[in-house]
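Protein chains: 2
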Amino acid sequence: MRQTHLFTKTRKESPKDETSKNADLLIRAGFIHKEMAGVYDYLPLGLRVIKNIEGLIRKEMDKVGGQEVELSSLQNKEIWEKTERWDAKDIWFKTELNGGGELGLGFTHEEPLTQVMTNFVSSYKDLPLSVYQFQTKFRNELRAKSGIMRGREFLMKDMYTFALDKEQHEELYAKLKEAYIEIFKKAGIGEITHPTKALGGTFSPYSDEFQTETGSGEDTIHVCTACNIAYNEEVKGEFEKCTCGSDSFETKKTVEVGNIFNLGTKFSEALGLSYKDESGKENNVHMGSYGIGLGRLMGTIAETLSDEKGLVWPMSVAPFQVHLVRLGDNEEVVRSADEFYEGLLREGVEVLYDDRDVSAGEKFNDSDLIGIPLRVVVSAKTVQSGEHEMVERQSGKTHFVTESSLVDTIQSYVREI
Amino acid sequence: MRQTHLFTKTRKESPKDETSKNADLLIRAGFIHKEMAGVYDYLPLGLRVIKNIEGLIRKEMDKVGGQEVELSSLQNKEIWEKTERWDAKDIWFKTELNGGGELGLGFTHEEPLTQVMTNFVSSYKDLPLSVYQFQTKFRNELRAKSGIMRGREFLMKDMYTFALDKEQHEELYAKLKEAYIEIFKKAGIGEITHPTKALGGTFSPYSDEFQTETGSGEDTIHVCTACNIAYNEEVKGEFEKCTCGSDSFETKKTVEVGNIFNLGTKFSEALGLSYKDESGKENNVHMGSYGIGLGRLMGTIAETLSDEKGLVWPMSVAPFQVHLVRLGDNEEVVRSADEFYEGLLREGVEVLYDDRDVSAGEKFNDSDLIGIPLRVVVSAKTVQSGEHEMVERQSGKTHFVTESSLVDTIQSYVREI
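These protein sequences, in sequence, are chains R and H. Numbering follows the numbering used here, with no gaps: position 206 of the first sequence is 270. Numbering follows the numbering used here, with no gaps: position 28 of the second sequence is 92.
Treat the hints with care, since some could be wrong.
To be verified - Derived BS3-like pairs (lysine-lysine); straight-line CA-CA distance at most 25 Å:
(1) Lys-141/R <-> Lys-98/H
(2) Lys-115/R <-> Lys-427/H
(3) Lys-141/H <-> Lys-80/R
(4) Lys-76/H <-> Lys-340/R
(5) Lys-141/H <-> Lys-98/R
(6) Lys-146/H <-> Lys-80/R
(7) Lys-201/H <-> Lys-98/R
(8) Lys-427/H <-> Lys-189/R
(9) Lys-340/H <-> Lys-76/R
(10) Lys-316/R <-> Lys-209/R
(11) Lys-158/R <-> Lys-201/H
(12) Lys-201/H <-> Lys-115/R
(13) Lys-189/R <-> Lys-340/R
(14) Lys-80/H <-> Lys-73/R
(15) Lys-201/H <-> Lys-141/R
(16) Lys-141/R <-> Lys-153/H
(17) Lys-153/H <-> Lys-73/R
(18) Lys-158/H <-> Lys-153/R
(19) Lys-201/R <-> Lys-98/H
(20) Lys-141/H <-> Lys-201/R
(21) Lys-127/R <-> Lys-73/H
(22) Lys-189/R <-> Lys-76/H
(23) Lys-300/H <-> Lys-141/R
(24) Lys-317/R <-> Lys-209/R
(25) Lys-158/H <-> Lys-209/R
If you're looking for bench data, these hints aren't it; they were derived computationally from the structure.
Chain R on its own, in the form it takes in the complex:
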């Protein structure tokens, strides 16, 4: 995409009403717009990141046999009264139907999906099943000061599993746990993200969270220095030693980027989701739930990988793979940069081409702030030498590349994802 065509622009000043680092950076770089506290719009660059994150997660959900659906936001009171969650006042946004009747805006989807599944599950032969969606959640947060890390409205991937029994549930749960580790690794935050034991619920003493180290984290975890598994502050008292045997821990401030829960039969009992086993006996379905907030993951990547110059995107989620920066507008430079751009597009490389008529300093500052992983500079000097200058955003390493060697470089990055 030519940058002269992109409607967003960067800004130098931090927005006055924004206290979070992620939203400050993302607003200055033109990725998002603040509608109100906890409610953000995704602008072209930001939406490209969200779509890449969505694609990355979808791939892993499909690998474990997930089937994608999309449930409604508007929710019927009746279903939620059956699980006694209609009166959870701190979380719902509620509204009124013209002509009468109270509705809620879904903050999660255990109830409606369990209800849907009663139409399709009746026999042991129908199980196990894993169903997921990318869907907008609404949560009436009293405070929303963490930018896109804690939204009042946000896109969430939520998967729900349906199993015959505890044993089959645990197989699905273990597979999903592995899938989550893979997702955070591919999203570029694997090394700073810890599978973390946290409080469970009625059906198991513990749940599993995925906690990412950040200076501004809301949570505190204790990371085992021997095996890297962590324990949330809330359960740490229960674990004098790690399950690996070590008793040496490091304390970290973190943010939760994902969580997985054993729901047992709480929802299937309340909503009548059961199956006949081989002997003809009715049993309640054993459920699990598995969430990742896409905005929160994007915000976490923005906060943890950025540097003093701006955003730093890993190739897997970056809005573009290459930022082609043209310096100067003499005929030969323009022709060479245009050709280079067209050549990369033909190879399927995603390129933001800075063809603007502004100073080199402004172009470099903007490029640093936007944080595309590879920057290629085309100038009178590089046109003369026949090799253009490529800078890796994260490491700052500089290479010299021709068009074909750049395509190879990109492809080696893409292969890694």
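Once you've looked at the hints, dock chain H against the given chain R.
Leaving out everything else, chain H in the frame of chain R:
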């Protein structure tokens, strides 16, 4: 996808509380689930159709230079008071923020997008711009009896254009009108969809609608028998003759599948979206809006192309390209069907593989109801002959195909899209 893996099942009986043909068919075939009147969940087959429609529309929006964003559903009262649309009581779902403050759920997005654009548009050099999104709208309809054709919650593609003046606006408008004609053609309803003159607004006497002939349509149009352009009942009195000169019209019942509007400077004036021209003078931006409801389009395709046996999807939006139906479970048939399935997957063909252990009659009935464009039957007979039977769902034509000739056939369909 193996059908034994698909969690939805077809049902023979029509849902009791459903009066619309589209929702009746889609529920029976397992594409959607009714949450409440006017609110539907998309199940795996239905979501695949919606995603295909989304892809088809996105392609045309990108072709005309559209930039994709995603704005929030939660809306601030203040912005909408500026255009005096906050008090449009019949359409809003409103809600309350914990801690105080009234919010609305967007039923359209002129106001918030105009507000966003004030951050990025200041000079004539910034225009023209076209910005679009696929975003969930909420409309508090008093009656919602048309299935997914008139939702209280529905996915909409809305594009907004921003132009220097009326002349530049008209260029964008004409391009979008062509793009819409292309979209409905590709979605398989081109021949029964008419560009229709309808009532305009403050800034132009007429708007353009796209009206599709259906028995159950809410609208009445008068189609010129000479040139196929139509006039909505509401403006017909103003046109004794068609713009082509003919005065011969046919009256049709239709449903509106898209509309495009000249907004003039109504929103830019109210929200302060202006630009400096070359002489330094401030001017209001001239806007247009262009909508397509994805559920409505899907419902229209379902209603108009279906037959007495069930749904009939055009290849462009079908949930799968091929329905591979295996008859019987003798070893050779299973091996042959499995190989055929794997071979098609390798070629990138989207296949639903009916590997269930049910009767041939049930398989054919389900296949007719689900409406995938090509059905390939693998049976003891076809295994022996070396050629499998392929039936076109729409025409009922039968052909005999080998694996490689089927891949060619699919590719010729896909090329047409």
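(message) Which constraints among the numbered hints does this structure fail? Numbers only, ascending.
(response) 2, 14, 17, 23
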